[in-house]
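Spelled out from the first residue to the last, the chains are:
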Amino acid sequence: MAFPLPRGITPPEISFLAEMEMVTIVPRQRLEGLELLGGPISPLIPPRRTPVPLWLALLLKRQRRANILPPPWLHPESLSLILDTETQHQDYKHAFSPPPPLPGQPNMRERGQRPIARPRYTPEGQRYYRTPPFLPQNVARDQAFDDGEPPTLPFHWLEVGTMLLDVASDDVVDPDQTRRLLKELREVRSAKIRSGVDLLEDAATAGGGVALTGVGAMEIGEGRGFISGVVDGLRRIGASKEQARREQMAEATANGGYDATQDDDDDMEF
Amino acid sequence: MEIDDILASVDSSGVSNPESTALDHQLFTRFWVAERSVPELLPWPSRLMNRMMERIQHQISTIEDLAATSSDPSNITTTTTVPGTTNTTLTLSILQTDLSRTQYLIRSLLRQRLAKLTKHSMYYLLLSSTSPPPIPPSSNLANPDIKSQQPEDSIPPLPSSHSTTSPLSISEIQFLHTHQTLLARHFGSSFLSSFPPQLRRLDDNAGGTSMVQGPDLRETVFVRCLAEQVTVVAPPGDGVDEVLGGTMRMGDVWVVRWEGVKEAWGRGDVEVL
Numbered sequence: 001m002a003f004p005l006p007r008g009i010t011p012p013e014i015s016f017l018a019e020m021e022m023v024t025i026v027p028r029q030r031l032e033g034l035e036l037l038g039g040p041i042s043p044l045i046p047p048r049r050t051p052v053p054l055w056l057a058l059l060l061k062r063q064r065r066a067n068i069l070p071p072p073w074l075h076p077e078s079l080s081l082i083l084d085t086e087t088q089h090q091d092y093k094h095a096f097s098p099p100p101p102l103p104g105q106p107n108m109r110e111r112g113q114r115p116i117a118r119p120r121y122t123p124e125g126q127r128y129y130r131t132p133p134f135l136p137q138n139v140a141r142d143q144a145f146d147d148g149e150p151p152t153l154p155f156h157w158l159e160v161g162t163m164l165l166d167v168a169s170d171d172v173v174d175p176d177q178t179r180r181l182l183k184e185l186r187e188v189r190s191a192k193i194r195s196g197v198d199l200l201e202d203a204a205t206a207g208g209g210v211a212l213t214g215v216g217a218m219e220i221g222e223g224r225g226f227i228s229g230v231v232d233g234l235r236r237i238g239a240s241k242e243q244a245r246r247e248q249m250a251e252a253t254a255n256g257g258y259d260a261t262q263d264d265d266d267d268m269e270f
Numbered sequence: 001m002e003i004d005d006i007l008a009s010v011d012s013s014g015v016s017n018p019e020s021t022a023l024d025h026q027l028f029t030r031f032w033v034a035e036r037s038v039p040e041l042l043p044w045p046s047r048l049m050n051r052m053m054e055r056i057q058h059q060i061s062t063i064e065d066l067a068a069t070s071s072d073p074s075n076i077t078t079t080t081t082v083p084g085t086t087n088t089t090l091t092l093s094i095l096q097t098d099l100s101r102t103q104y105l106i107r108s109l110l111r112q113r114l115a116k117l118t119k120h121s122m123y124y125l126l127l128s129s130t131s132p133p134p135i136p137p138s139s140n141l142a143n144p145d146i147k148s149q150q151p152e153d154s155i156p157p158l159p160s161s162h163s164t165t166s167p168l169s170i171s172e173i174q175f176l177h178t179h180q181t182l183l184a185r186h187f188g189s190s191f192l193s194s195f196p197p198q199l200r201r202l203d204d205n206a207g208g209t210s211m212v213q214g215p216d217l218r219e220t221v222f223v224r225c226l227a228e229q230v231t232v233v234a235p236p237g238d239g240v241d242e243v244l245g246g247t248m249r250m251g252d253v254w255v256v257r258w259e260g261v262k263e264a265w266g267r268g269d270v271e272v273l
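Same order as they appear, the protein sequences are chains L and A.
Residue 1 is where the first sequence starts when you use this note's numbering, and the numbers rise one by one after that.
Residue 1 is where the second sequence starts when you use this note's numbering, and the numbers rise one by one after that.
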């Protein structure tokens, strides 16, 4: 067998991906800049803060060559604020707390503004938008959260948080409390995933989908087998109904009918 | 003069420019995630892969040079001091970790593609060969030498020129062709030879049902919308035009059918998670 793993990246692969997130370190020794295949690393000069990929930060930390500055969200204060949003806030009873905005997306305070996507271009001339793990969502910032901007959980929060607590717990503020809050967040959010199963039927229809905005990478990884299993099962059950509807629509369009869309609406309610 | 220099540096930036290294790494990582997650084989990004392979070659020779100089005893005593050598080992281990991570991604990508290829081998073989020379579908009855019908006959010949529409790379086409020939010969010798000649083909479409199974494009994927908004579609087919479905907004993560966002993925407007 060429490849034994199931479709969709598995949790170890998600951790691998999370190790590409940039974090800030304070080096304890000098090292000249390096040209890596994942991009250049700027020279390490103690005690200058330098952003490096998480895997490199963990490698240096294990050899006691650097200290890691934990990302601003990995702090008991920020985490309990996020936990409050997840549990108390009316808008997020059945949804995840909002993720950090993508570049060009309005942040929490400027809500209502239109997002302006800012693509870069690949050498092939295709549009390319940067997303996690290639956004600076986990680097240390000077002010924890500037101007009352509420803290947000980044896409790879669970993996980055767990790895930092494992390897660099002495760099994290109040590691026990942080660990407890991470665990609580995880439980609250996985309960939301479970309670959302009823909605999954929408994803089984053609052109439909279910929004999971704000979900973390590892939460997708954990739920992927179950969610795609349910959706694919529902789709197979509804396949003949869908086929019948398509035939009906084809007939309507063949008759020059304009009411194909109305038929569609009627069927949706059934 | 200065502008010419800048332009020249942009032109030659293909492989050596650190900015483009980082960008290609990001593109490749995203492609790997997508290939791992979607049900069908994605188009082979040949230019991106060529750049990646060239960089890996370059990096391997850099590591070898560094290892050679650090293990050279005359070098240690003359030019570098003892802390210098520990720094070299650190640099070496970082470079090697980085190289292994990239190699892991490439291996995983290629193996995933091989798994998809072998699962629906006949489908991809027909897909990659029909584009330039149309293969006549199984002409059972018209065929004069029906007595000598063999399973191998259903395998289309290797395309002479590599078509641009095929999602396979050249080596993947060669692999697939050899793989399917072996498989057909094996089926033929183990059981198909005892069947009646007209039932021996592997691409039979008697009764309007094709034997050749392709990937199910309706399987679900997780996507993130990257453009300002993207509309999920139900693709045309069965006499129905394309139907527009729900609208994703920027930053949204949705569970949708792959066929509904395939076009948007091709434009780079959504990312598979």
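One thing to keep in mind: the hints can contain errors.
[Unchecked claim] Simulated crosslink set (DMTMM-like; lysine to aspartate or glutamate; CA at most 20 Å straight-line):
hint, chain 1, residue 1, chain 2, residue 2
1, A, K262, L, E184
2, L, K241, A, D204
3, A, K262, L, E124
4, L, K241, A, E64
5, L, K93, L, E184
Just so you know, these hints were derived from the structure itself, not from any lab.
Model, not experiment: these values are computed from the prediction.
Each hint, compared with the structure:
Straight-line distance between C-alpha atoms of K262/A and E184/L comes to about 37 Å, which puts the hinted pair past the 20 Å bound. A C-alpha spacing of about 29 Å is found between K241/L and D204/A, which places the hinted pair above 20 Å, so the restraint is violated. With a C-alpha separation of about 19 Å, the suggested pair K262/A and E124/L falls inside the 20 Å cut-off, and the hint holds. Among the hinted pairs, K241/L with E64/A is inconsistent with the structure: their alpha-carbon atoms are about 62 Å apart, more than 20 Å.
Simply put, K93/L and E184/L have alpha-carbon atoms about 16 Å apart, close enough for the 20 Å limit, and the pair holds.
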